[in-house]
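Colleague: Sequence:
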Amino acid sequence: MNFLEEKQKDLSCSVKNVLAASLPMMASIFSGALMQFVDRILLSHYSPMALNYALLSQQIYNTLLLPLLCFASLSEVFVGQLNGAHQWKETSAPTIQIAVFVCLVEILLAPILMSFRHQILPSSMYEGTYPCLLLGLGTIPFQVMHASFAAFFVGTRRPKVILLSVIIGNIFNAFLNWVFIFGIPSVLEPMGALGAATGTLLGTLISLLVLASFFFNRKNNNFYNTRTFRMNKAILKKNIFLGAPYSFAIFVDMSMWVVVTNALAEVSSEEVRVNYVCLSIWTFAFFIVEGLQKGVTALAANCIGARKEKNIPVLLKSVAKITLGIAALSYLYFQTFAPEILKACFNIPVLTALPHCKETLFLQWIGFSVMSFSLGGLVGILNAGGDTRFVTFLRLTCLLFSVIIPVLILSSTGSMRTIISWGLSALNICLICLLYVLRYASGKWNHNVMKEAPQENLSDL
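Residue 369 in my numbering is what sits at position 363 of the sequence shown, and the numbering runs on without skipping anything.
Because the hints were derived from the structure by calculation, they are not lab data.
Check before you lean on any hint, since a few could be wrong.
[Claimed, not checked] Label-pair ranges, simulated between beta-carbon atoms:
| hint | residue 1 | residue 2 | range |
| --- | --- | --- | --- |
| 1 | I113 | V443 | 32 to 42 Å |
| 2 | K243 | I47 | 36 to 46 Å |
| 3 | F122 | S20 | 44 to 54 Å |
| 4 | S130 | K243 | 41 to 51 Å |
| 5 | I190 | P128 | 25 to 35 Å |
Computed from a predicted structure; not experimentally measured.
Even for Gly, the Cβ is constructed at its ideal location relative to N, Cα and C.
Construct the entire structure; sequences and hints are all you get.
Modeller: Quick look at the structure:
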């Protein structure tokens with residue numbers, strides 16, 4: 007199969023094609039989640055305080071990192087539609103310009119965030135957390151550029167390249183973290199949390215260099231013109247218009263868990279512990295939903311660009327079938343494997359003995375199964391059609407009325423519990439799923455963003 011034929015893959019949207027697009031992305035994201043998990047285990051064995059430093063610094067810089075990653079990743083919508091329309095010479099334009107734009111935004115926002123460091127960081131943890139936070143903020147540009155290049159390969163339906171770069175980067179990350187955390191006798195002093203941050207920065211840089219080498223290589227450049235920077239204001243404006251609302255929704259989602267944690271802390275430390283355990287279990291499994299969404303977005307965007315919207319209902323049916331399999335497997339994960347994993351790694355004697363932990367895990371399974379279809383499938387399709395503003399509006403409205411307001415009321419009366427927070431979360435997910443289905447059925451979600459961009463700009467730049 008030559009390079010041109012490889013780019014003209016069928017858009018049948020069968021279960022096989024959806025899995026082919028999604029599984030490499032799931033594996034890439036899982037690799038990152040596993041690396042983070044291993045990192046926490048290493049730090050917990052080095053020093054509980056070092057783990058606290060790392061977790062606190064990560065929680066703070068994630069408020070900046072995750073919205074920016076989301077922003078950069080949405081360029082896959084433009085790349086996918088251009089690829090589906092066979093405008094291959096133009097597909098690299100969204101990638102490079104959004105990477106530059108988001109990095110500039112990070113450079114602008116990072117000093118503002120750091121100016122509040124004395125208010126954000128507890129004085130008792132300032133000395134250990136501040137250096138980790140600085141290195142974390144220094145890692146963000148590399149992570150954003152990696153996400154932008156990854157969006158290009160998602161949109162052009164070559165996710166295996168991303169998987170390779172992530173695996174290589176994480177292998178180096180794991181080795182460097184071990185070396186920097188524990189040190190080498192008579193060669194390198196143990197660095198603890200700062201060592202973990204240093205290893206993560208270098209591992210991310212290596213992963214970026216691997217992915218960039220594929221992006222800029224001669225074969226890719228000949229077909230996609232990747233070595234020519236073309237500033238396309240029409241596409242950049244559209245990318246900002248689509249990405250800003252969705253990134254804001256991610257920020258609000260993260261803030262919600264801060265509100266929940268503070269409310270639980272007013273009740274007891276045991277409730278905070280249960281919530282932390284359940285949140286760790288949930289986060290570790292989230293790679294399935296995120297990977298599925300990226301695969302679905304890539305296929306849907308290519309179909310829209312190729313004017314084959316008739317394939318979208320087939321795509322949704324394939325996602326529904328995959329979701330049934332995810333629901334069955336995730337039941338085993340939430341009810342059997344996850345408690346044992348945390349028990350073995352973090353020395354939690356009897357996880358299910360924690361208050362209402364088993365019931366909370368069941369609620370998590372319900373929410374996760376529904377989210378696999380809504381966030382993994384429906385949102386992937388809606389995003390591909392450029393409907394991020396409506397997606398954000400629904401998400402924030404449901405979050406406000408089904409989670410945030412009830413949590414604030416319960417916390418004011420001291421009645422907040424972990425099982426209630428996850429019950430509200432499951433209710434929120436089911437409600438959002440219903441509204442997404444209605445939005446999809448209305449047919450108003452397909453804005454075909456590339457059709458609105460002036461085509462003469464694409465060829466002139």
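Colleague: For each hint, tell me whether it holds in the structure or not.
Modeller: The hints, checked one at a time:
For I113 and V443, the hinted distance range of 32 to 42 Å is satisfied, since their beta carbons lie about 40 Å from each other. The beta-carbon spacing between K243 and I47, approximately 44 Å, falls within the hinted interval of 36 to 46 Å. The given range of 44 to 54 Å is respected by F122 and S20, whose C-beta atoms sit roughly 50 Å from each other. In this structure the hint that S130 and K243 lie 41 to 51 Å apart at CB holds, the actual value being about 46 Å.
Between I190 and P128 the beta carbon distance is about 32 Å. The supplied range of 25 to 35 Å therefore holds.
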